Structure formats: C-alpha cells, structure tokens
Amino acid sequence: MKRNVLPGLHLSLGITLFYVGLIVVLPLSALVFKAASLGPAEYWSIVSSPRAVASYRVTAFSALIATLFNLVFGLALAWVLTRYRFPGRRIIDAMVDLPFALPTAVAGISLTALFSSNGWFGSVLSEAGIKVAYTPIGIMIAMCFTSLPFIVRTVQPVLEDLDPALEEAAQSLGGSDWTIFRKVILPLLTPALLAGLSLSFARSLGEFGAIIFIAGNQPMSTEITALLIFIRLEEYDYQAAAAIASVLLLTAFAMLAVTNWLQSRALRYTVKG
Amino acid sequence: MNAVASHKKPPRVGDGPVFRRVLIGIVLILGALLILAPLLVIGHEAFKQGFKVYTATLSHPDTRHAIMMTVVTALIAVPINTAFGVAAAWAITKFDFRGKRLLLVVIEIPFSVSPIVAGVAYLFVYGLQGLFGPWLDAHDIKILFALPGIVLASMFVTAPFVARELIPLMQAQGRDLEEAATSLGASGWRTFFSVTLPNVKWALLYGVVLCNARVMGEFGAVSIVSGNIRGQTNTLPLHIELLYHDYQAAGAFASASILALLAVFTIIAKVALERRGAGRRKTQATDAASTGH
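Respectively, the protein sequence lines represent chains U and R.
FYI, the UniProt record's numbering numbers position 61 of the first sequence as 61, with every residue one higher than the one before it.
FYI, the UniProt record's numbering numbers position 75 of the second sequence as 75, with every residue one higher than the one before it.
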C-alpha cells in the first residue's frame, strides 16, 4: 500500500467543501426547507393546481419533442462531422457549440425575430399557415436550439473511437449498410445517445431565457414551469414559488440520477481493460 | 451500395456517394437554419435602423452601466470560481477520501438545476423571506438586488465549469510527477506551480473561458436576484430584456450583438485551446455525460 505524500489535502478539500456548501448546498437546502415548511396538504394543492399542471405538461411535452428532434439531428451532425471530410467541416464543428456560448436571452430574442410573423422564417411559415412564435412550437424550437450540442458532443467521441474492423467484419459477412448501422453501430452508440438524451431533456425542462421571448406565455397553454415560478415571485407568492421550484428541483435530481446511471452503464462498454 | 473501386481505403458504412451527399446537405441546411441564422439575424436587427441608432444605444448611460455590471460580475465570479475549481480538482484527483463520488455529483448539480430554481433558492437564503434575510436587513447589509447577489447566483450556475475540465485531465495524469517533486523536496505550492499547472494550463484556460461566457450571459438566475433596477443592478442580458419589452428592438439587438460577439470569441478561443489538447477528452473516467457545457 502506497502512502500518500502529497501536501494540501486539508487546504484544497477545505476550500472545496466550503465553496460547495455555501454556493450549492445551502441555497438548495433553503429552498427544500421552505417548500417542506408548507405542510403536505398545502404543498399538494399548489403543485397540483391546474395552472401548474398545465405548465408541467407544456414544458415536458415540448422538451420531449425537442429532445427527439435533437436525437436525430444531433446524431446526423455527429456522424457527418466524424465520418466525412468536406469544406467547412471544421467551421460547422465549432458552430455546434454556439447554443452553449450564446447567452440564452440573446438566443431568445433572435429566435423570436426569426420566427415572428414578419421574420425571415416566420413570414414564409405563416404563408403556409404555420404559426411558430407565441405558440408551443416556438417553445420547442427554443429548446431544440439550446440543447442541440448535448447529443452531438456525447456521441462524437464514441463515433471517433469506433473500430473500423467491426464494420469490415460485418461487411465481409455481407451486411448492408443499413443492417450494419442498426445491428453493429447503433448498439455501440446507444449509451452515449441515452446520456446525451437525458442531458438534453434536463436542460430543456429548466430552460428559461431562450423560451420566454418566443413563447406566448399564456397561462394553461404556453406558460412553462420556470416562468410560472417567476410569476409567482413577482406576485410575492413565495410559498407557491418555493413549492413549484421544488418540483423542478426534484425533477432535476431524478434526471441527474438517470444520467449517472446511464453514464456508469456507458462506461461498462467503453472502458477498455 | 459499395463505392467506387478507386478508393484507397475500403468504404465504410454510409460512404456511398449519394447517401453521403444527401446527409451532408441536410445537415448543412438544418445547421444554417437552426444555428447560423439566429446569429446573423442579431446583426441584421441591430443595424436595421442604421448605424446611428446602434452607436446611440451602446453609448447610452444605461447600456454602459449594464456592460460595466457584467464585466465587474465576471471579474469577481470567474477568479473565485477558478480558485475553487483548482482546489476541487487537486483534492479529488490527488487524494483518496470517503465521499469523493458524492462530492463529484454535488459539484455537477448546478448543471442540472434550472437557473430559475437557483435564483429562487438564493432568495430563500438572503431574501427577507429567507434564512439570513432578516439578520442582513437588521445590519443593513445588501446582498440581494445588488451586486453580491448577482455574483453569488453567477457563481452557482458556473460552479462546475473549471473543475470539470481539470478533473478528468488530472485524473488521467496521475500523481507520480507530483510525488516525485515533493520527494525531491519541493513544497506543495512549488509542486503545483512548476509541475501540475504547466500540464493543465490549457484545460484550465478552457474552463475559465467557458465560465466567463456563462457568467456574462447568465439570465434566469440573475434576473431573480438582481431586482432589475435600471441603471443600477442590470447586467447586459437583463438590459436586453428591458429594452426588448420597451419596444426598443434595435437597442435590444445592439446590446445583444456585444454578447453575440463574446460568444463568437469564446468559440474561437475554444477551438484554439482544443488544438492544444484541452477539452477534447475521450470517453473515459468521469466523462461521457459531461462533454456538454
């Protein structure tokens, strides 16, 4: 057994625990404490009120659609970026991170400008009878934008590391491209896809800045949960804000648990002895 | 399906010329619509009413104040966060202790928590409804609706940024070099600055760049704790919202163009640092799920 000779455990761990305690654990505990102080009956009546439930529905449904779109588009993007060489590939590769680098409020107003009825896309779409801005579709588009990089960036390294010999073996056995993709490549990508999926979904559930500009913010139809919390605060209804925020927080923890579980599953297959 | 015979390497799955072109085409078009267009429209809208309106917005005292607030917030939050990230990475990668996995999970929590939830949580610590609020009020200390609250909320949302870049790298590099240095008599600080830091400097800078971008762009959490007082506690993203809802779209986009420029610079810095080996980690150790930002 090797003894650890390095110095600095107490200092570095002390700083870490102090910072995490003060910045992360204390506020979240305060929120949970506040929500818990409501008492079960009152808590339940707030979090199950029709307006709150409608907000969960529109948030979760939009997040689901956005995540599924990103699953397909993100996989296609990762595939094109790792498998093919073409002019502009590196620029596209860099641009994939734009949704992470662009502040959400900026994304929000620029997507609204694009999709409002006199915008570049909105004017074309409204001629086809499709309204995007101030409808649930707008919420989905904002979520697609902000969470797109997750799938690309989780799948890309796995695609890069994929052993060509596996495909060659499958090809020599006479498999068509589609069969090999489905039976050989896709199973290897699945853990990364699932991890990216849960990250993308979690991000969409909590997104605020990019959405509030393009969503109509009408109670019961285009009001996301994060906005409802904000509105309750503006009404000085701190208890309702705490209760609904605790629902989002618990959902985030559940998603975190799922992500960690998927991650450990993914490692089972990717770590080479 | 098999491609032309003149290929040097055997064709891989999906290398058929038609499929390849179609897929690249679809991805390019969707990428242009979904990623490039939002960036371009900012410039278009910002200059729609002419260069004069653009410069007038940017030189307006409220805009200048918002820019200053954003810069000051970043100047406080980013260095503190960097120090935390380095300390956390050192503790986690150089030592074994109980609860390490739990600590890693707690550090990553802010990534999964909605910024709105973060803002509300801070309200219940420092607000009048919160744990310390009444005491702070009695002693006339302002945290919420002032700069300290904005800094704290920014630190929450970016807490994992530096640590998560350093931890996988320092994990992979092991402890041998540091152990050799200390056994040769180097002090802890000397070991860190002469041995560890040169090995992780690009990853550190990478984390700092991303942390800075997020601090300067944070909207949700800050909008709750700032109080949104024009010319006083408005950061640039909040100022954009204010102008936008005031029907000053050109002004909002002019302010947004600064942050868009910051985003472009962030991406360029990111690519440059990735060329030096930062960021592009393989799927190993603590990673897989943390490749996104």
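Hints are computed from structural coordinates only; laboratory data are not their basis.
Where hints are given, some of them may not hold.
To be verified - Derived list of chain U stretches under chain R, where covered just means 3 residues or more per stretch with a C-beta under 8 angstroms from a C-beta of chain R:
id	segment
1	19–25
2	41–49
3	52–66
4	101–115
5	144–150
6	229–242
7	251–257
What the hints assert, rightly or not - Example chain R residues on the side facing chain U (calculated, C-beta under 7 angstroms, incomplete):
id	residue
8	Val22
9	Ala32
10	Gln49
11	Gly50
12	Ala91
13	Val125
14	Leu128
15	Phe132
16	Leu136
17	Thr182
18	Leu184
19	Ile258
20	Val271
Predicted model, so just to flag it, every value in this text is computed and none were measured.
Just so you know, even glycine gets a beta-carbon here, dropped at the ideal spot from N, CA and C.
Hints, one by one, checked against the model:
For the segment 19–25 of chain U, the proposed coverage by chain R is satisfied: 5 residues have a C-beta within less than 8 angstroms of a C-beta in that chain, meeting the threshold of three. Using a Cβ-Cβ cut-off of 8 angstroms, 0 residues of the segment 41–49 of chain U lie near chain R, which falls short of the minimum of three, so the contact claim is violated. Under the rule that three or more residues need a Cβ within less than 8 angstroms of chain R, the assignment of the segment 52–66 of chain U is violated, with 0 such residues. Restraint check on the segment 101–115 of chain U versus chain R: 12 residues with Cβ-Cβ distances below 8 angstroms, three needed, restraint holds.
Counting residues of the segment 144–150 of chain U whose beta carbon lies closer than 8 angstroms to any beta carbon of chain R gives 5, which meets the minimum of three for the stated coverage. Only residues whose C-beta sits within less than 8 angstroms of a C-beta in chain R count toward coverage, and the segment 229–242 of chain U has 6 of them, enough to reach three; the restraint holds. Check on the segment 251–257 of chain U: 4 of its residues sit with their Cβ under 8 angstroms from a Cβ of chain R, so the three-residue criterion for coverage holds. Taken as an interface hint, Val22 (chain R) does not check out: its beta carbon lies about 11 angstroms from the nearest beta carbon of chain U, beyond 7 angstroms.
The beta carbon of Ala32 (chain R) comes no nearer than 9 angstroms to any beta carbon in chain U, farther than 7 angstroms, and the hint placing it at the interface is violated. A cut of 7 angstroms between beta carbons decides the hint on Gln49 (chain R): the least distance to chain U is about 14 angstroms, and the hint is violated. Here the hint on Gly50 (chain R) is broken, as its CB sits about 17 angstroms from the closest CB of chain U, past 7 angstroms. With a cut of 7 angstroms, the hint placing Ala91 (chain R) at the interface with chain U holds, because the nearest CB-to-CB distance is about 4 angstroms.
With 7 angstroms as the threshold, the beta carbon of Val125 (chain R) comes within range of chain U, its nearest partner Cβ sitting at about 5 angstroms, so the hint holds. The criterion of a C-beta within 7 angstroms of any C-beta in chain U is not met by Leu128 (chain R), whose closest approach is roughly 9 angstroms, and the hint is violated. For the restraint placing Phe132 (chain R) at the interface with chain U, the shortest Cβ-Cβ distance is roughly 9 angstroms, beyond the 7 angstroms limit, so the hint is violated. This hint is violated: Leu136 (chain R) has a C-beta 14 angstroms from the nearest C-beta of chain U, more than the 7 angstroms allowed.
With its C-beta approaching chain U no nearer than about 6 angstroms, Thr182 (chain R) sits inside the 7 angstroms limit, and its interface hint holds. Annotation: interface hint on Leu184 (chain R) violated; nearest CB of chain U at approximately 11 angstroms, more than 7 angstroms. At about 9 angstroms, the closest approach between the beta carbon of Ile258 (chain R) and any beta carbon in chain U exceeds 7 angstroms, and the interface hint on this residue is violated. A cut of 7 angstroms between beta carbons decides the hint on Val271 (chain R): the least distance to chain U is about 5 angstroms, and the hint holds.
Going through the hint list in order, the structure does not satisfy hints 2, 3, 8, 9, 10, 11, 14, 15, 16, 18, 19.
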